[in-house]
Amino acid sequence: MTIIPSSGTSKSNVRPPSNARLLSVLAILLTSAAVARADKLVLVAGGGTGGDGVPATQAKLDKPFCVAFDKAGNLFIGEFGGHRIRKVDPKGVISTVAGTGEKGFSGDGGPAVHAQINTVHDLIVADNGDVYVADTNNKRARKIDASTGIISTVAGTGEAKTTGDGGPASKAGLDGVGSLFFNPAGDKLYISGFSKVVRVVDLNTGIIETVKGIAGGRSIAIDSKGNLYVAGGVTLNVLGTDGKKRTLLDTTHTGGSGLALGGNPKHLAIDRDDNLIIADEVHNLVLKYLPAQDKLVLIAGTGKAGPAGLDGPPDQAELARPHGVYVHAADGILYIADSWNDRALKVEP
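Numbering (our numbering), first residue to last: 1 to 349.
Hints were generated in silico from the structure; no laboratory data involved.
You may find that some hints are simply not true.
Computed list of lysine-lysine pairs in DSBU-like fashion (alpha-carbon distance at most 35 Å, straight line) [to be verified]:
#1 K196 with K40
#2 K71 with K188
#3 K71 with K295
#4 K245 with K295
#5 K196 with K225
#6 K71 with K212
#7 K71 with K143
#8 K161 with K212
#9 K225 with K188
#10 K171 with K225
#11 K71 with K91
#12 K196 with K212
#13 K40 with K225
#14 K40 with K71
#15 K188 with K244
#16 K143 with K171
#17 K103 with K87
#18 K196 with K71
#19 K188 with K91
#20 K188 with K245
#21 K143 with K212
#22 K40 with K87
#23 K161 with K103
#24 K143 with K103
Keep in mind it's a predicted model, so treat the numbers as computed, not measured.
Using the sequences plus the hints, can you model the full thing?
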């Protein structure tokens, strides 16, 4: 069994486990009573050759790294390789809403479809439909206005610095923009990724600050109670609402799996029960961490990189370096950005 190394944009000194060890760990995960079974893993977008205006399942995606929905039922997909934001409407038709396909930085104040973006690592959608984009190599968080289609910079100057606390976020330096998340009220934007710190932008005032009490990491998520999760290296930490940091997973605390997280898990999501969904790119798996039980269980992937297993059980399907996970708030369905297979999937109950 081959373990694919981490992508060049994030580094890991994790030594991949032996084939026998990974198989043993997967067996433990599969037999856990906490695994929430689903019927099949289904293609949502990608894997084809088509462009805009075709059914999404016939379209070509270029390294999708992130997925999210708006309240109208539109699915947004961020392409790391394509430097674009794509949209799949409720009828299943795909279009481009941001990015020219050429990497660079341009377009603020104008239509997002004419703007240049440089390696999308994450996106999130506000309640009003505005799309916030982790424009990673531009060291910026940007926003696509839902009503006008205009793109603008919310945070970051393009300089890889941790500067600007107490001032406008658009004039602050960001040392890493790989992961975005809203607080439960939706009025604060959290930013981290390839970063020493977690930053937070007050969306009412535009002021940016550094979050105290926890270091930054590749991926962040916030549950309904306001607990902040940060994943970096093989460690998952949480900053509780009491202001105290706790380590949940590391090389010695593995949630009963016997296997540490792959280096720098690429994305975190929160399900409707406040469990944490983890995109473990290094091991080609999607996992679930149950805080109440301190347990890590398998959701999708066999550990082998590949495209096989669609329309079958998720835990018997292959994935290839999944970077994005998202739980739909309305129905609880899990969506996966299966990045190196150039496709977006869902776990259909």
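Hint check results:
no.	hint	in the structure
1	K196 with K40	violated, 38 Å
2	K71 with K188	holds, 19 Å
3	K71 with K295	holds, 31 Å
4	K245 with K295	holds, 18 Å
5	K196 with K225	holds, 24 Å
6	K71 with K212	holds, 32 Å
7	K71 with K143	holds, 17 Å
8	K161 with K212	holds, 17 Å
9	K225 with K188	holds, 14 Å
10	K171 with K225	holds, 30 Å
11	K71 with K91	holds, 15 Å
12	K196 with K212	holds, 12 Å
13	K40 with K225	holds, 31 Å
14	K40 with K71	holds, 25 Å
15	K188 with K244	holds, 20 Å
16	K143 with K171	holds, 15 Å
17	K103 with K87	holds, 19 Å
18	K196 with K71	holds, 33 Å
19	K188 with K91	holds, 32 Å
20	K188 with K245	holds, 20 Å
21	K143 with K212	holds, 25 Å
22	K40 with K87	holds, 23 Å
23	K161 with K103	holds, 21 Å
24	K143 with K103	holds, 17 Å
The structure fails to meet hint 1 from the earlier list, while all remaining hints are met.
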